[in-house]
Amino acid sequence: MTAQPGFTLQRPQPEALTVDLEGAWTLRALPPQPAALLAALDETVRRLAFTSDKLEDWDTRLLIFLKTLLEEAAVRDISVDRTGLPPGVQRLLALSEAVPEKTTYGATGREPLVTRVGRLTLNISGQTRDVATFTGEILLGFWSLFTGKAPFKSRDFFYFVQNCGVDSLPIVSLIAVLVGVILSFVGAVQLQMFGAQIYVANLVGLGMVLEMGALMSGVIIAGRIGASYAAQLGTMQVNEEIDALRTMGISPVGFLVLPRMLALMLMLPLLCVYADIMGILGGSLIGVTMLDLSLIEFLEQARKTIKLGQFGQGILKASVFGVLIGYAGCLRGMQCGRSALAVGEATTSAVVTSIVLIVVSDSIITFFLYR
Amino acid sequence: MPAPVPAITVANLTMAYGSFVLQRNISFTIEQGDIFVIMGGSGCGKSTLLRHMIGLKPPASGSVYYGAASFWELDDEERSAIVRKAGVLYQSGALWSSMTLAENVALPLQHYTDLAPAVIAELVSFKLSLVGLAGFEEFYPAQLSGGMRKRAALARAIALDPDFLFFDEPSAGLDPISARNLDQLILELRESLGATVVIVTHELASIYAIATNSVFLDGDAKTMLATGDPKTLLQECTHPTVVQFLTRGTGKREVRTV
Numbered sequence: 016m017t018a019q020p021g022f023t024l025q026r027p028q029p030e031a032l033t034v035d036l037e038g039a040w041t042l043r044a045l046p047p048q049p050a051a052l053l054a055a056l057d058e059t060v061r062r063l064a065f066t067s068d069k070l071e072d073w074d075t076r077l078l079i080f081l082k083t084l085l086e087e088a089a090v091r092d093i094s095v096d097r098t099g100l101p102p103g104v105q106r107l108l109a110l111s112e113a114v115p116e117k118t119t120y121g122a123t124g125r126e127p128l129v130t131r132v133g134r135l136t137l138n139i140s141g142q143t144r145d146v147a148t149f150t151g152e153i154l155l156g157f158w159s160l161f162t163g164k165a166p167f168k169s170r171d172f173f174y175f176v177q178n179c180g181v182d183s184l185p186i187v188s189l190i191a192v193l194v195g196v197i198l199s200f201v202g203a204v205q206l207q208m209f210g211a212q213i214y215v216a217n218l219v220g221l222g223m224v225l226e227m228g229a230l231m232s233g234v235i236i237a238g239r240i241g242a243s244y245a246a247q248l249g250t251m252q253v254n255e256e257i258d259a260l261r262t263m264g265i266s267p268v269g270f271l272v273l274p275r276m277l278a279l280m281l282m283l284p285l286l287c288v289y290a291d292i293m294g295i296l297g298g299s300l301i302g303v304t305m306l307d308l309s310l311i312e313f314l315e316q317a318r319k320t321i322k323l324g325q326f327g328q329g330i331l332k333a334s335v336f337g338v339l340i341g342y343a344g345c346l347r348g349m350q351c352g353r354s355a356l357a358v359g360e361a362t363t364s365a366v367v368t369s370i371v372l373i374v375v376s377d378s379i380i381t382f383f384l385y386r
Numbered sequence: 002m003p004a005p006v007p008a009i010t011v012a013n014l015t016m017a018y019g020s021f022v023l024q025r026n027i028s029f030t031i032e033q034g035d036i037f038v039i040m041g042g043s044g045c046g047k048s049t050l051l052r053h054m055i056g057l058k059p060p061a062s063g064s065v066y067y068g069a070a071s072f073w074e075l076d077d078e079e080r081s082a083i084v085r086k087a088g089v090l091y092q093s094g095a096l097w098s099s100m101t102l103a104e105n106v107a108l109p110l111q112h113y114t115d116l117a118p119a120v121i122a123e124l125v126s127f128k129l130s131l132v133g134l135a136g137f138e139e140f141y142p143a144q145l146s147g148g149m150r151k152r153a154a155l156a157r158a159i160a161l162d163p164d165f166l167f168f169d170e171p172s173a174g175l176d177p178i179s180a181r182n183l184d185q186l187i188l189e190l191r192e193s194l195g196a197t198v199v200i201v202t203h204e205l206a207s208i209y210a211i212a213t214n215s216v217f218l219d220g221d222a223k224t225m226l227a228t229g230d231p232k233t234l235l236q237e238c239t240h241p242t243v244v245q246f247l248t249r250g251t252g253k254r255e256v257r258t259v
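Protein sequence lines correspond, in order, to chains A and B.
Letter 321 of the first sequence, counting from 1, is numbered 336 in my numbering, and no numbers are missing.
Letter 87 of the second sequence, counting from 1, is numbered 88 in my numbering, and no numbers are missing.
It should be emphasised that the hints constitute simulated quantities derived from the structure, not laboratory data.
Among the hints, erroneous ones may be present.
Stated by the list, open to error - One-sided excerpt, in silico: chain A residues whose CB lies under 7 Å from chain B: (1) Asn254; (2) Glu255; (3) Glu256; (4) Asp258; (5) Ala259; (6) Thr262; (7) Met263; (8) Gly264; (9) Ile265.
As the list claims (entries may be wrong) - With a straight-line cut-off of 30 Å between C-alpha atoms, the simulated BS3-like cross-links for lysine-lysine are: (10) A/Lys164 <-> B/Lys86; (11) A/Lys82 <-> A/Lys69; (12) B/Lys58 <-> A/Lys164; (13) B/Lys232 <-> B/Lys253; (14) B/Lys58 <-> B/Lys86; (15) B/Lys223 <-> B/Lys253; (16) B/Lys253 <-> A/Lys168; (17) B/Lys58 <-> A/Lys168; (18) B/Lys58 <-> B/Lys223.
All of these numbers come straight from a predicted model, not from anything done at the bench.
Backbone N, C-alpha and C fix where the C-beta goes; we use that ideal spot for every residue, glycine too.
Next up, chain B with everything else stripped away, as it sits in the complex (with noise of 0.2 Å):
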């Protein structure tokens, strides 16, 4: 039997601005059911490989496989199908300032399914509600604080059952108990929908806690240094920036979580 094609995989691929090359060499992949952390210091590239594999940008070159399929040659259509099967959230929430919450949640559903109105209210209430937010359907995201703006930008991704969910410094700016019930959140996302999850953060904590395999990349050195489990990493990876990264420069190794 041959070996199952992994959900995603990323080959080669080099991220450019212009003239000005940002990484290079990047290949690594992700199986079915994968938290994958995508970390690095500020600034090296991890958001705009994100954007890569999500479409809003082509890398310079390269390539980033869905199943067996090469995200950027495929056609509009195809491409925009498999758009479909992710949800993101964005660092900053990017919830639609002029809508509700409400109808911010609703906004996929309606655009991609022929539900009456009153299911797809129910739908928006029972997903509002998964992320702990029942009740503020009628809320403004100006209105809320930024770890309910999260969770709301959240309750939008899963929108619809996604099997590919992208997070963008999903812990960024919030309070550490919020971070930790956000990890709890994803984590209890991804068993019951059974999604592939990959998430850009430097958040040590988080890190150890879900991840199940990473990619690390390096801004000095312009490409990925390692990639595997970052708590099999922390013990084996013998590469003096990874593990300074990991140990958050004391250089012990012991795992520590929250």
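Here chain A stands alone, though its shape is the one from the complex (with noise of 0.2 Å):
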């Protein structure tokens, strides 16, 4: 058992304090504070010793204990005499100090008010710049895809889109029967106090066309492939392998974006249809079992009740989706800065844009076909 770390005060002199350092300094131990010691550097102290036999141990603890005191001292002017310490201790203290202060770097501080603003306000205009310039290269990208040889590689657009369709099939199946269970026991409870269970399967087969099966199968895909977008690009981005492109005279958003877009602009509407069976399926679940319906009644009734148009809203509906969320996903990993911590926010930013894309574009192609 070592001891706990201390320290005894001496006046030899009435001028003079000698600090004897006893036990194990070490950040294992609870450290004595300095204030008693800093209490009795008073006015008629002019110098200051040590001693170190009792003291067992040492490691950073004593050191920053010592810099706090010695900082203290250089303050009121006082001599100090170090030649009581450990030679280690001593060295330390000396490398500490002689870091010389780099000052091309200028600790900017808090900066006013009104600089913070203007500084905003100006990077307003940068942004929209970037915004506009990605814009236009993936115009560009898509025109060069009509005219000539597609800027990218065949196997990366197959790829992206096994990712994006196939490889999403279990969880939108999953969402989607679930959303149509949902849809239909909120109806079922309402619709049976009239007698008119059978209504339940348009409820859910309109729910599920008009909106619910884009909108599951967009955030869903927000979720699974715009983060995945951002974060490869923005890994990309801190590699420098985006750099790479650039110099080879490679477009990056025609070699890496436009393949991710165009898988997700053919997969979504894809993804849509398959969401809307299955949740009309998952209604009929409900139908089947709790009100005494039979599945072809069921089907039947969903089949006479939703028309070509409005499966084709819903599938409208996916298909800007899936641009939006090409669109953010992208966008943001382009954007990303040069570390990991920019990588985690581009990739959350990417998700939280999609989603919100996704909700006002909704809303405004639903209030133009209603209008």
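With the hints as a guide, bring the two chains together.
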């Protein structure tokens, strides 16, 4: 058992103070607070010295304690004799004082409000330009796709198609079936009061086809694919891989962004159709088990209700969501800074931006279609 | 007969991030076939200068000339024509991590030539064997050591037989022997390709071993302090910061190559 760290103060002469360090001054032990010692440094003390005969062990704990003490002594213009300290402590203290202050990067401190507002305002124009450039490059990319050879590898494109299409089916199935069940359940409770159980099929069918199929697959893909695009492109930004493309004269937008966006634009409408079907099947589950409807009856009722145009409406929404998710995910990835933290922020921001854009565009489309 | 136009001329360049000026009044010339070193302490703007020269970041003011053409005043087409003649080796290698080494080296070839896949595969194997990575075609960058990744990135940089080769801290993170081998490789490539080489580094050993010309940037003075052959600078330069740097702070003016 090592002794607790501590010190005793002695006044060999009226103007001199000696600090006897004792015990084990390590980070594991509880430290004595320097307050008692600082209080002893009154006007009469002109010289400070140390003894360390009873000091058993030391680490950075002792160094930071001494550093505080020495700074205080310097302020009060007290001369310090360090010869009583262990040689290692003396060397480390000297080393910590020898590092020159770096002035080039001057500490910025907190800027005044006006400066910050001004800087933010200036940033807006820069960001707008970034977004406009990005959009323009995407359009140029699509143009070159229609006029000449694709600026990306077809293997990449098929990988992304598989990644956001087939690989998303399990989670889309689960969510769509459950949404169908929920819609059906909520409707059943109400419609049963009027003996109109059969209309649950109308409710589920229209609900899925017009709204929930597209919305749910959009949200799932925003989380699954939008986030991964932002993280992929962000990491490539950190590794200078995007710079490497640029200095090779290959457009990063054409090579990286285009196949991702195309895959999403192609797969999201398909996923939406799939989600519609799964949702109606989920709804029929409740119809069959709780409402004494036959499966054929339920599906036939849903089929009679849904017009082809309404089906198309959901697919239109899904197509728009596909563009928006791909755009938000890739934009955030390309804007990413050069650190692990920035990649995380880009990912979060991609998902948040996608979901906001999905809901806003959904309301706008619905408004114009029903006006 | 008029004097030949230098391969690259940097004139009155100012580098800035927003309102923070990193360096100003940078001017130097790089002759055809030079191995030109951009040196200076950490954080003084060496890599930023490189980014200005390879077209990744427009300078705050001043110009970069390739031959007689002012790089940043050209239109996109002409600029990418120049960029196409340059190979860049990034500090981290910057290999595309989702592709194998062969695909990494092949991509510029596929993009700029109409060669048949079999020919490209042969070219790729040859370039990889030049950097000592024959047989590693199907490896992914993550499966390689740091030194091998650097060499693979070099193979990619020389895929299109460039006229200009840019290196950002080529020997950073390499052991002394790998670093020396890389230096040798750079020298041999310069000889055989006839390329002009620009290197950002602060490794004194490689500076003395391969450089024929250099510029010294200083972060505190915010400008260049000297330009010329580093061995000559070591003997003749009088600026204390340059002498400190070139002698590792000892002040002894003798060339020590490994």
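Quick rundown of the hints versus the structure:
1. For A/Asn254, the suggested interface contact is upheld, since its CB lies about 6 Å from the closest CB of chain B, less than 7 Å.
2. Look at A/Glu255: its Cβ gets to within about 4 Å of chain B, closer than 7 Å, so that hint holds up.
3. The criterion of a C-beta within 7 Å of any C-beta in chain B is met by A/Glu256, whose closest approach is roughly 5 Å, and the hint holds.
4. Contact between A/Asp258 and chain B, as hinted, is supported at the beta carbon level, the nearest pair being about 6 Å apart and thus within 7 Å.
5. Interface hint status for A/Ala259: upheld, as the beta-carbon distance to the closest one in chain B is roughly 4 Å, under 7 Å.
6. For the restraint placing A/Thr262 at the interface with chain B, the shortest Cβ-Cβ distance is roughly 5 Å, inside the 7 Å limit, so the hint holds.
7. With a cut of 7 Å, the hint placing A/Met263 at the interface with chain B holds, because the nearest CB-to-CB distance is about 5 Å.
8. Hint on A/Gly264 holds. Least Cβ distance to chain B is approximately 4 Å, under the 7 Å limit.
9. Given the 7 Å rule on beta carbons, the hint for A/Ile265 holds: about 6 Å separates it from the nearest Cβ of chain B.
10. Note on A/Lys164 and B/Lys86: the hinted pairing holds, with a Cα-Cα distance of about 22 Å set against a maximum of 30 Å.
11. Straight-line distance between C-alpha atoms of A/Lys82 and A/Lys69 comes to about 20 Å, which keeps the hinted pair within the 30 Å bound.
12. Only pairs whose Cα atoms come within 30 Å are accepted, and B/Lys58 paired with A/Lys164 is accepted, the gap being roughly 28 Å.
13. Taken as a hint, the B/Lys232 and B/Lys253 pair is honoured in the structure, with Cα atoms around 13 Å apart against an allowance of 30 Å.
14. For the suggested pair B/Lys58 and B/Lys86, the alpha carbons sit about 18 Å apart, so the restraint of at most 30 Å is met.
15. For the suggested pair B/Lys223 and B/Lys253, the alpha carbons sit about 26 Å apart, so the restraint of at most 30 Å is met.
16. The hinted pair formed by B/Lys253 and A/Lys168 fails the criterion: a straight-line CA distance of about 56 Å is larger than 30 Å.
17. Restraint check for B/Lys58 and A/Lys168: satisfied, since their Cα atoms lie roughly 27 Å apart, inside the 30 Å limit.
18. The straight-line distance between the Cα atoms of B/Lys58 and B/Lys223 is roughly 19 Å, inside the 30 Å bound, and the hint therefore holds.
Hint 16 from the list above is the single one not met by this structure.
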